[in-house]
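Construct the entire structure; sequences and hints are all you get.
If you're matching them up, the sequences are chains A and B in order. According to my numbering, the residues represented by the first sequence are 1 to 369, in order. According to my numbering, the residues represented by the second sequence are 370 to 738, in order.
Treat the hints as calculated values from the structure; they're not laboratory data. Treat each hint with caution, since some may be false.
Covered stretches of chain B, going by a simulated chain A footprint (3 or more residues, C-beta under 8 Å) [to be verified]:
no., stretch
1, 527-539
2, 567-573
3, 625-633
4, 651-664
Glycine included, every Cβ here is placed at the ideal spot set by N, Cα and C.
There are 2 protein chains.
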Amino acid sequence: MAAPRFLILADGDFGPMTSKTANSVIRYLPERTVGVLDRQHAGKTAQDILGFGGAIPVVGTMRDGLAFGPTAVLVGIAPQGGRLPAAWRNWLAEALDGGCDLWSGLHTFLSDDPVLAAKAQAAGRQILDLRKPPADLPVASGAAKAVEPFVVLTVGTDCNVGKMTAQLQLARELNAGGIRTRFVPTGQTGIMIEGWGIAVDAVISDFVAGAAERLVLQSAEGADVLLVEGQGSINHPGYSAVTLGLMHGSCPDGLILCHQSSREYIGDYREAAWLRIPPLREYIRLYETIGSAVHPTRVIGISLNTYDLSDEAARQACDSATRETGLPATDPVRFDAAPLLDAVRLGRQTYLNGSRGEAVSAPAVGRRG
Amino acid sequence: MAAPRFLILADGDFGPMTSKTANSVIRYLPERTVGVLDRQHAGKTAQDILGFGGAIPVVGTMRDGLAFGPTAVLVGIAPQGGRLPAAWRNWLAEALDGGCDLWSGLHTFLSDDPVLAAKAQAAGRQILDLRKPPADLPVASGAAKAVEPFVVLTVGTDCNVGKMTAQLQLARELNAGGIRTRFVPTGQTGIMIEGWGIAVDAVISDFVAGAAERLVLQSAEGADVLLVEGQGSINHPGYSAVTLGLMHGSCPDGLILCHQSSREYIGDYREAAWLRIPPLREYIRLYETIGSAVHPTRVIGISLNTYDLSDEAARQACDSATRETGLPATDPVRFDAAPLLDAVRLGRQTYLNGSRGEAVSAPAVGRRG
Numbered sequence: 001m002a003a004p005r006f007l008i009l010a011d012g013d014f015g016p017m018t019s020k021t022a023n024s025v026i027r028y029l030p031e032r033t034v035g036v037l038d039r040q041h042a043g044k045t046a047q048d049i050l051g052f053g054g055a056i057p058v059v060g061t062m063r064d065g066l067a068f069g070p071t072a073v074l075v076g077i078a079p080q081g082g083r084l085p086a087a088w089r090n091w092l093a094e095a096l097d098g099g100c101d102l103w104s105g106l107h108t109f110l111s112d113d114p115v116l117a118a119k120a121q122a123a124g125r126q127i128l129d130l131r132k133p134p135a136d137l138p139v140a141s142g143a144a145k146a147v148e149p150f151v152v153l154t155v156g157t158d159c160n161v162g163k164m165t166a167q168l169q170l171a172r173e174l175n176a177g178g179i180r181t182r183f184v185p186t187g188q189t190g191i192m193i194e195g196w197g198i199a200v201d202a203v204i205s206d207f208v209a210g211a212a213e214r215l216v217l218q219s220a221e222g223a224d225v226l227l228v229e230g231q232g233s234i235n236h237p238g239y240s241a242v243t244l245g246l247m248h249g250s251c252p253d254g255l256i257l258c259h260q261s262s263r264e265y266i267g268d269y270r271e272a273a274w275l276r277i278p279p280l281r282e283y284i285r286l287y288e289t290i291g292s293a294v295h296p297t298r299v300i301g302i303s304l305n306t307y308d309l310s311d312e313a314a315r316q317a318c319d320s321a322t323r324e325t326g327l328p329a330t331d332p333v334r335f336d337a338a339p340l341l342d343a344v345r346l347g348r349q350t351y352l353n354g355s356r357g358e359a360v361s362a363p364a365v366g367r368r369g
Numbered sequence: 370m371a372a373p374r375f376l377i378l379a380d381g382d383f384g385p386m387t388s389k390t391a392n393s394v395i396r397y398l399p400e401r402t403v404g405v406l407d408r409q410h411a412g413k414t415a416q417d418i419l420g421f422g423g424a425i426p427v428v429g430t431m432r433d434g435l436a437f438g439p440t441a442v443l444v445g446i447a448p449q450g451g452r453l454p455a456a457w458r459n460w461l462a463e464a465l466d467g468g469c470d471l472w473s474g475l476h477t478f479l480s481d482d483p484v485l486a487a488k489a490q491a492a493g494r495q496i497l498d499l500r501k502p503p504a505d506l507p508v509a510s511g512a513a514k515a516v517e518p519f520v521v522l523t524v525g526t527d528c529n530v531g532k533m534t535a536q537l538q539l540a541r542e543l544n545a546g547g548i549r550t551r552f553v554p555t556g557q558t559g560i561m562i563e564g565w566g567i568a569v570d571a572v573i574s575d576f577v578a579g580a581a582e583r584l585v586l587q588s589a590e591g592a593d594v595l596l597v598e599g600q601g602s603i604n605h606p607g608y609s610a611v612t613l614g615l616m617h618g619s620c621p622d623g624l625i626l627c628h629q630s631s632r633e634y635i636g637d638y639r640e641a642a643w644l645r646i647p648p649l650r651e652y653i654r655l656y657e658t659i660g661s662a663v664h665p666t667r668v669i670g671i672s673l674n675t676y677d678l679s680d681e682a683a684r685q686a687c688d689s690a691t692r693e694t695g696l697p698a699t700d701p702v703r704f705d706a707a708p709l710l711d712a713v714r715l716g717r718q719t720y721l722n723g724s725r726g727e728a729v730s731a732p733a734v735g736r737r738g
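Structure follows, in structure tokens:
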């Protein structure tokens, strides 16, 4: 099918810190985004609200949005309380009538809504519930350890620290440099950006690793490097199962550790001040130990999210991470991604020189220039 | 409700190494088991086939089974290929007509079968699909770390090494010794034996830890010790997600490491000779490191499954495990469970003396007499 042109539904919650899915689609697919539906900011642009996204207009009605010619309406935020608001259902029905498909990453499936399902069928449009896993997922066989490309997984000190963003940045720049690189989406936002993938957090736990394995096998052919989108954190009390299943199923040869420099506690438990984020060295030990119990792997670099720091503090954070770990560190959105690109290139070279199935050696430390 | 009396459906697969669920129910609930339906062994007894279970009769028709007065038919094996055979559907319908409930731990839910669902409703009987998770599971909050009882989780070197059996043995003997102990079921067989629980391997991965947490919270009141049934293994490529979610959600204070002494490779990958089972010391390091990243925990003893060894070799295996780890080791089914009972008692004492939230100290080594 032709690449979709999206109208993003983000009513009532469009903003730099709230609408994560909407914002990522605008950042990575601005050319495919015709507008944003949010009544409170109607008349402004994405640039006005987010600081990026240029002239993408914000509209206040579905009719105004449809006038920009979208082929799909993409749900870019989660509704409060999880249930579909009546206004949204009306808009989505109007979008189907207007010739649009629906793309949603909500836990509640739009295709289970009788009104929307009937209308989609009548109009010949598709409802894509991106979080709905395939029905036939296997238990992991270990097949991912034998694929040709160099497989890199992002792992984190917490949720929402930049594991998807780092891989998207690296994929773009590695491809630009002639290394055939595929981003492997494992969450709803990554799936929206790439148009394929499996939301592993919605998979039954017996099959999480099998889902990760299938994604690696599906994307391996003709690729030099696979960049697998990471999820959660190995010490996140709620989501560590997703993190470990993803790691053991995808059999990464290298890991990039992602961290938000200013964060002190695991975010979902911050109010209880329960789990202080340990030093990066400790995460490296945890991830390498538990990952290598199934397939040898090494952390090859550190990706920092410094969005809330001054330039000076951000540079210090990168230097400090490198001093602590002996690994290249950068914020690939704010600064140059080169240290991590070098780490992936070097890791792949070591991997090609050795035999698949042995951990790559630690890279020489690349410093920002 | 009154305790159910089970007729176990195990047609074509009743045997010591095949019908794991049927066998566990017969071992732990012989007084509630009125018979086994298996055409190939009709006329024999459970004792004839399994070496335990006494005079429990094997019958060849549902009519013969119903004559023994069951209140429920329990599906004790998984059908080849996962789909419900026509003969089984007929038997189960006959059982509903005969006044029985249905208990099943299959991945395919009996209550989704239109014929059986209609018949159950008409007959006023229940279909209990024990693997169907509650719809309202939360993301883990960490609440399990604050419960009163001493929480012990069995962890394994692989699947099917005795993690449920060890806990059932210990629960029985600790209760007999006056320590109020609850077995916490996390898999279909444990749920059948206890009549409650959640099959965590069937829970969506985002909520596995939340399911484990709920089980601990539900069973904490009035208990001195909780013995949580473990699942999978931390280095099992297919199921490690279940293992870690269960550990991080249940926040165990102590771990019992379970191993089948004669096993050399992770079982599901044995043909590929892929993953050799590392030394017990290595597992202790893995489980303590990754578990303590969320809640401090220690391995307090080793439970061995020596069913296929001679008495002499089994005793040597226990001695060897103790030498390697410095921890008490026994086969609690074959030999005396005392070394593990002592380890739990001592672990609990240390836990009571200290404050919840610190790892219990390693126990003094208890040796079999």
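Evaluated hints:
{"no.": "1", "hint": "527-539", "verdict": "violated (count 0)"}
{"no.": "2", "hint": "567-573", "verdict": "holds (count 5)"}
{"no.": "3", "hint": "625-633", "verdict": "violated (count 0)"}
{"no.": "4", "hint": "651-664", "verdict": "holds (count 6)"}
In this structure, the hints that do not hold are numbers 1, 3, in rising order.
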